[in-house]
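This is what each chain is made of:
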Amino acid sequence: MAPVWINLAYLIAAVFFILGLKGMTKPRTAVRGNLFGAIGMLIAIIATLLAASVVGYAWIIVGVIIGTAIGVYAAQTVKMEQMPEMVALFNGLGGAASFLVAGADFYTNSSTASSDVVIATALSGIIGAVTFSGSGVAFAKLAEFKFMKKIKPLPMQQMMNGGMALGLLILTVILVASPGSILYWLIVILALVLGYYLTLGIGGADMPVVIALLNSYSGLAAAATGFVLGNNILIIAGSLVGASGLILTKVMCDAMNRSLPAVLFGTLGPAADGPSADEVYTNVKATSADEVAMLLDIARKVVIVPGYGMAVAQAQHAVRDLTNLLQSKGVEVEFGIHPVAGRMPGHMNVLLAEADISYDLLKEMDETNSTIEQCDVCLVIGANDTVNPDARTNPKSPIAGMPIINADKAKTCVIIKRSLSPGFAGIPNPLFSADNALMLFADGKQAVQDIITAIKEG
Amino acid sequence: MFVNLLLAQTNTAEVVSALPVNGVALVTGFTIFVLAIFIGNEIIAKIPPTLHTPLMSGSNAISGISLVGAILATGSDHTNLATVLGFLAVVTATVNVVGGFLVTHRMLEKFKR
Chain B
9 MAPVWINLAY LIAAVFFILG LKGMTKPRTA VRGNLFGAIG MLIAIIATLL
59 AASVVGYAWI IVGVIIGTAI GVYAAQTVKM EQMPEMVALF NGLGGAASFL
109 VAGADFYTNS STASSDVVIA TALSGIIGAV TFSGSGVAFA KLAEFKFMKK
159 IKPLPMQQMM NGGMALGLLI LTVILVASPG SILYWLIVIL ALVLGYYLTL
209 GIGGADMPVV IALLNSYSGL AAAATGFVLG NNILIIAGSL VGASGLILTK
259 VMCDAMNRSL PAVLFGTLGP AADGPSADEV YTNVKATSAD EVAMLLDIAR
309 KVVIVPGYGM AVAQAQHAVR DLTNLLQSKG VEVEFGIHPV AGRMPGHMNV
359 LLAEADISYD LLKEMDETNS TIEQCDVCLV IGANDTVNPD ARTNPKSPIA
409 GMPIINADKA KTCVIIKRSL SPGFAGIPNP LFSADNALML FADGKQAVQD
459 IITAIKEG
Chain E
161 MFVNLLLAQT NTAEVVSALP VNGVALVTGF TIFVLAIFIG NEIIAKIPPT
211 LHTPLMSGSN AISGISLVGA ILATGSDHTN LATVLGFLAV VTATVNVVGG
261 FLVTHRMLEK FKR
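As you go down the protein sequences, you meet chains B and E in turn.
Adding 8 to a residue's 1-based position in the first sequence gives its number in my numbering.
Adding 160 to a residue's 1-based position in the second sequence gives its number in my numbering.
No lab work stands behind these hints, which were simulated from the structure alone.
Where hints are given, some of them may not hold.
[What the hints assert, rightly or not] So the derived label-pair ranges between C-beta atoms look like this:
1. E:GLY183 to B:VAL63: 26 to 34 Å
2. E:GLU269 to B:GLU372: 19 to 27 Å
3. E:GLU269 to B:ASP329: 31 to 39 Å
4. E:ALA205 to B:LYS293: 37 to 45 Å
5. B:PRO403 to E:GLU269: 43 to 51 Å
6. E:LYS206 to B:GLU340: 25 to 33 Å
7. E:VAL244 to B:LYS258: 35 to 43 Å
8. B:GLY338 to E:GLU269: 29 to 37 Å
9. E:GLU269 to B:TYR289: 40 to 48 Å
10. B:ILE182 to E:VAL244: 39 to 47 Å
C-beta: ideal position from N, C-alpha, C; glycine also.
Construct the entire structure; sequences and hints are all you get.
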């Protein structure tokens, strides 16, 4: 097929990608949007297979079969709770593909490549490799592999990272002066090490930001590969994904009131002069499932605030049953979702949707906060820092200024939690000891089931 | 005008081209890059937080577009190290594309009602 037609096919593919993303703006059209994205990809692939320079198909077919088998298996078997690590893993593979393609092209063409192509090749190698190893570390952290806890950062990690970044810059300059495959792979290896250490130091609470950022990188790596090959569809698709990841990164940072550098270079620590847990928890009142059932029975409006703890306890199906039961008794139920609840953007929404809870009930933080004073019972399940009133009232708190769900402003707040242990931020939460707060110390799933039983019996 | 732009591109969009990309094509590439980022920004800023996870895995699948480059590298007429690298890229990019779209579909099914 002539290059003109291939490029026209790429244009159609690009339109499908854009329409696909546009479809994602509404839950009702999102399935179709995703389908459009897949169609765009299919068009781009078929057009490429028909390119004049593609003559051997054997390896391509074998590779596509292996990749499809792995992809289908992974996508079908992954549990919704494991979605963050799955996305991290796929992301890393996309990054790997980018630096491999740039490497393959450079192996063939390094002697004739112009400076701009060499720079694009180096960028593709660097961003792709950082995405690959960074996503690998993110995957291992999210999957909570035990060995990850034992790995310590290097002494003076920031300096070392800076040194590696400088090294990559110098190697790139040398590569432009004398292009060669060996030097390219040196750059890739150094970038792999850098990506590993950059992600290693980032804390659990910041995972949503890291995932979003790596998502952006994988797009930028593809775009850089597009410059290497002079291929428009790679540039378009890559920059769309790059923009998407950057926006999500910003949304996540805003939701934690932290700057991107603060996340990347890890400046969050427990405040040295902050109150200790013993000073804060003077007024903690424990409650029982029966008592919570009575509160819910006479409530008119209930707001449920889920956190990562709900995902860990796999309590979402029990929460759905409770929601249905309360609704059948005429209680108004809604969910207050904090933007960084869970381990990736929108994580809670996916879990609740999986449990057949209508997305109409899932409210954003601002909407929840505007009506929370009228709420009779606020049920906090496995959330901690995202409902810590210190963020609003104590300017010295390490999370000061972070937007929170004002669970403390509900008439009664019930917190289902195993213990008073701190959340990711490592600080005590005055909400647990507030006058209108009751603690239900139990496993999330078991507690909700007990409450359901108690309501049915009462 | 648009067709002209496309035709101008085709000189250099010659796949896995050994020719140095000329200045015009580089600027065209940058033009596309910058405009696509603006489009991405405009659309994605409108996506509600409810759909952020599917957006992420869906856009992630789109970033598997490197598969196009992988096919070009693997399918060229000579078999050498580039073919091996291309083959590895075909496998990783296909996992990214197929897995990404499927898992996004699985998630979005739940939002359909």
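Going through the hints against the structure:
1. Taken as a hint, the range 26 to 34 Å holds for the pair E:GLY183 and B:VAL63, whose Cβ atoms sit roughly 31 Å apart.
2. Under the hint 19 to 27 Å, the C-beta atoms of E:GLU269 and B:GLU372, about 23 Å apart, fit the expected range.
3. At roughly 21 Å, the beta-carbon separation of E:GLU269 and B:ASP329 lies outside the given 31 to 39 Å, and the hint is violated.
4. For the pair E:ALA205 and B:LYS293, the beta carbons lie near 43 Å from each other, so the given range of 37 to 45 Å is met.
5. For B:PRO403 and E:GLU269, the Cβ-Cβ distance of about 45 Å falls inside the hinted range of 43 to 51 Å, so the restraint holds.
6. At about 28 Å, the beta-carbon gap between E:LYS206 and B:GLU340 stays in the expected band of 25 to 33 Å.
7. Remark: the range hint 35 to 43 Å for E:VAL244 to B:LYS258 is upheld by a beta-carbon distance near 39 Å.
8. The hinted window of 29 to 37 Å between B:GLY338 and E:GLU269 holds, with their beta carbons roughly 30 Å apart.
9. A beta carbon spacing of about 43 Å between E:GLU269 and B:TYR289 agrees with the range 40 to 48 Å that was offered as a hint.
10. Distance hint for B:ILE182 and E:VAL244: a CB-CB separation of about 25 Å, inconsistent with the stated range 39 to 47 Å.
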